[in-house]
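Undergrad: Chains as they are written, first to last, in the working numbering: chain A, 1 to 444; chain B, 1 to 296.
No wet-lab data here; the hints were simulated from the structure.
One should not assume that every hint holds.
Derived DEER-like restraints, expressed as beta-carbon distance ranges [stated by the list, open to error]: (1) A:Pro393 to B:Gly39: 34 to 42 Å; (2) A:Thr288 to B:Gly39: 20 to 28 Å; (3) A:Arg71 to B:Leu26: 24 to 32 Å; (4) A:Pro279 to B:Leu26: 33 to 41 Å; (5) B:Leu47 to A:Gln20: 37 to 45 Å; (6) A:Gln20 to B:Ala69: 55 to 63 Å; (7) A:Asp135 to B:Leu26: 40 to 48 Å; (8) B:Val63 to A:Gln20: 40 to 48 Å; (9) A:Gly371 to B:Leu26: 47 to 55 Å.
Which residues of chain A face chain B? A partial, calculated answer using Cβ under 7 Å [unchecked claim]: (10) Asn84; (11) Arg88; (12) Arg91.
Take a look, some chain B residues computed to stay more than 12 Å from chain A by CB distance [unchecked claim]: (13) Arg18; (14) Leu51; (15) Ala96; (16) Leu105; (17) Arg147.
Cβ coordinates follow ideal geometry from the N, Cα and C atoms, glycine included.
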Amino acid sequence: MTDLYQSQRAMRHLRKTALQRGMIAILDVGTSKIACLILRFDGLEEPGEADGMGSMAGQSNFRVIGAATTRSRGVRFGEISAMNETERAIRTAVQAAQKMANVRVDHVIACFSGGEPRSYGLAGEIDLPETLVRDNDVARVLAACDAPDIGEGREVIHAQPVNFALDHRSGLGDPRNQSGNRLACDMHLLTVDAAVVQNLLYCIKRCDLDLAGIASSAYASGIAALVEDERELGAACIDLGGGSTGLSIFMKKHMIFSDSVRLGGDHITSDIAQCLHVPMAVAERIKTKHGGVYATGMDDREMIEIGSDSGDWDKDRRQVSRTELIGIIRPRVEEILEQAADRLAIAGFSHLPSQQIVLTGGASQMPGLDGLASRILGQRVRMGRPLRVQGLPQAATGPSFASTVGLCLFAAHPQDEWWDFDIPAERYPARSIKRAFKWFRDNW
Amino acid sequence: MQSLGRTLPPRRDPAPSRWSYRMQRLWLTPAFHRFLRFGMPALIVMLSGALFLASPVRREGLVSLVTSAKQQVADRPMFMVNLLAIDGASPELADAVRAKLALRLPQSALALDLDAIRITAENFDAVARAVVRFGAGNVLQITITERQPAWVWRSEAGLILLDDTGHRIAALAARADRADLPLIAGQGADLAIDQATALLQVASPLSSRLRGLVRMGQRRWDLVLDRDQRILLPADGAVAALQGLIARDSAENLLARDLIAVDLRNPQRPVLRLGTPALNALRAVHGIPLLAESKS
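Can you build the whole structure from these sequences, using the hints too?
TA: Right, dumping it as structure tokens:
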């Protein structure tokens with residue numbers, strides 16, 4: 001745990017230097033595409049103005065000066081499976097973005113969707129030594145949270161305090177400088193497979209870049225696709241990606257749950273490829289051009305040229321009706337949405353006051369998906385697109401860039417994490433001296 | 001059978017190679033970019049210059065190239081001095097200045113140091129001021145203002161002409177050559193020429209009798225009149241003392257009497273030194289034995 005604490009602090013330090021230099025790259029390593037944005041930070045935000053915990057970095061004004069997307073290679077289910085291929089794809093994206101921005105970037109914040117994220121809710125409680133909450137009291141209460149058994153070979157990528165309670169008052173965003181006797185906190189812990197993080201780290205290092213931060217893409221797309229009141233009142237964001245579908249539930253501006261389904265748009269494509277006996281590239285083209293989830297009478301008559309390159313005339317001139325195509329696509333989409341609904345039910349989403357669900361990600365562009373999703377997930381479903389970001393090219397404003405844009409916002413307004421607070425005083429040997437000094441001061 | 005449809009060539013990998021990726025990042029590094037834009041050209045220029053100048057033959061060639069170019073400009077006819085003209089000086093002085101300068105004409109005006117020429121001309125005792133000008137018609141014009149002789153100084157080195165500031169002008173062969181000028185004598189007389197001028201002005205009633213002024217001990221003046229009469233003036237207030245004496249002389253006709261010297265060195269107690277006949281007359285009045293008549 002201390003190891004991770006140190007490495008996360010090191011990453012945070014790198015991020016600070018990158019923000020001071022004013023240049024940072026955003027890398028979204030997805031299953032179907034790898035996107036790279038280069039951000040330039042201009043001015044300093046006045047600290048302490050934001051509500052809630054406030055952003056620690058104090059930087060908000062940024063502008064996208066370079067953007068590049070490339071087809072992802074060697075990534076399956078959001079995890080790196082062929083490192084050389086992925087490295088080349090990352091190099092392509094980074095080089096193109098650098099060329100557009102005409103600057104060199106050294107620090108990169110990355111997100112990925114794989115690694116089987118698991119959520120844990122932790123609670124901790126301490127007695128306050130004084131009646132006033134100090135910074136190190138916050139660190140102490142975070143350290144006092146009972147650590148769950150996260151399992152062998154897993155690592156924490158997010159550990160965010162989501163709620164503080166002082167005596168009987170709960171729902172405090174920032175307890176510092178408030179008076180009370182007992183401080184309690186709830187922390188949301190997100191763990192992923194350590195090997196996945198290690199692979200990504202190694203891959204980025206091989207591109208001569210420094211990893212200055214890492215985030216789960218479900219979290220990032222939640223930041224980008226949910227609007228302010230949805231994040232405040234409670235909503236779920238479902239990111240229908242290429243290889244996996246990420247879920248994140250937000251409440252009171254904090255992520256309180258995240259999970260992922262290892263199914264995505266690529267599975268629909270592979271279904272089409274298998275059923276129609278076409279290559280994946282052709283299947284992808286048919287899916288994006290003619291795909292849908294609701295068949296009408298019109299679709300029976302709409303014949304789609306499949307085309308092929310086999311040299312067999314009969315095979316190369318095959319046609320399918322759009323209804324048949326929808327018949328291939330729809331069961332898979334239903335399966336994905338049902339799995340997502342199951343995960344939400346496990347998380348207790350039905351107990352939340354607001355049942356808003358936002359669909360985003362590349363696969364959410366399937367026509368008619370909102371109707372199907374509302375039948376499976378509940379009535380309050382909407383399609384989400386990422387927030388507008390200054391300087392973002394038009395091509396990168398679609399829902400498939402939700403996690404990329406979310407990562408930009410994550411870089412500009414980082415949520416306080418456990419490792420952003422100093423090591424609690426208990427870890428220092430100086431504590432006994434401090435206590436003696438305190439006793440001395442109290443008695444004389 | 002080969003497919004009749006269009007055969008796609010194998011898709012080219014768009015990924016940059018490791019080295020081209022690194023090269024591009026290097027290019028985008030600002031320091032490297034600056035070095036290539038400014039540092040490298042400067043380095044190349046300096047290096048090539050140093051290599052060129054490394055050989056002494058080429059260095060000398062460069063120097064001779066510069067000097068010959070300079071020479072070509074200097075030798076153009078409009079810069080040539082063909083004639084030296086000296087104005088405002090007596091022919092002897094002009095010849096002396098010409099001989100001292102020893103200019104080899106024709107010569108380029110750019111090679112001449114006009115200031116040095118002026119200083120050389122002004123170093124002559126007879127020259128008060130010289131103006132050197134390279135004028136039209138390729139003439140080097142030296143306009144000389146000569147010193148005007150005002151005094152004759154009988155010094156240890158002989159007779160010397162002085163101007164009104166006491167500056168030496170020339171030697172004089174005989175006093176009779178410039179009988180119109182007043183005579184001064186004594187060591188350091190040229191240094192107190194202002195006092196001598198003032199005294200001469202005051203002594204104008206005596207001008208017919210005045211033989212000259214003698215500087216005594218570089219401290220005070222003596223006026224020497226004919227009949228070997230001397231007026232000894234004090235070091236301070238000499239003009240006032242002389243004015244007093246001249247007033248008395250005009251009232252009592254003092255200096256026409258048989259006096260050898262009038263000693264005014266102590267203003268409270270002027271002393272008259274009588275000549276031997278006058279002294280004997282005085283002694284006879286008082287019944288004191290007479291002095292023998294001296295020869296001088």
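Undergrad: For every hint, state whether the structure bears it out.
TA: Each hint tested on the structure:
Remark: the range hint 34 to 42 Å for A:Pro393 to B:Gly39 is upheld by a beta-carbon distance near 36 Å. Roughly 51 Å separates the CB atoms of A:Thr288 and B:Gly39, a value that falls outside the hinted 20 to 28 Å. A:Arg71 and B:Leu26 have their C-beta atoms about 27 Å apart, which keeps the hinted 24 to 32 Å range intact. A hinted range of 33 to 41 Å holds for the C-beta pair A:Pro279 and B:Leu26, which are about 39 Å apart.
For B:Leu47 paired with A:Gln20, a C-beta distance near 38 Å keeps the hint of 37 to 45 Å intact. With their beta carbons about 58 Å apart, A:Gln20 and B:Ala69 fall inside the hinted range of 55 to 63 Å. Restraint check, A:Asp135 to B:Leu26: a C-beta distance of roughly 43 Å satisfies the suggested window 40 to 48 Å. About 55 Å separates the C-beta atoms of B:Val63 and A:Gln20, a value inconsistent with the hinted range of 40 to 48 Å.
At roughly 53 Å, the beta carbons of A:Gly371 and B:Leu26 sit within the given window of 47 to 55 Å. Interface restraint check: A:Asn84 against chain B, minimum CB-CB distance 10 Å, threshold 7 Å, status violated. The restraint placing A:Arg88 at the interface with chain B holds, with a minimum CB-CB distance near 4 Å, inside the 7 Å limit. The closest approach between the C-beta of A:Arg91 and any C-beta of chain B is roughly 5 Å, which is under the 7 Å cut-off, so the hint is satisfied.
A beta-carbon of chain A is positioned within 12 Å of the beta-carbon of B:Arg18; the least distance is around 8 Å. Listed as a non-interface residue, B:Leu51 keeps its Cβ farther than 12 Å from every Cβ of chain A; the least gap is roughly 35 Å. Here B:Ala96 stays apart from chain A, with its beta-carbon at least about 81 Å from theirs, past the 12 Å limit. Listed as a non-interface residue, B:Leu105 keeps its Cβ farther than 12 Å from every Cβ of chain A; the least gap is roughly 70 Å.
Residue placement check: B:Arg147 keeps its beta carbon more than 12 Å from all beta carbons of chain A (closest about 81 Å).
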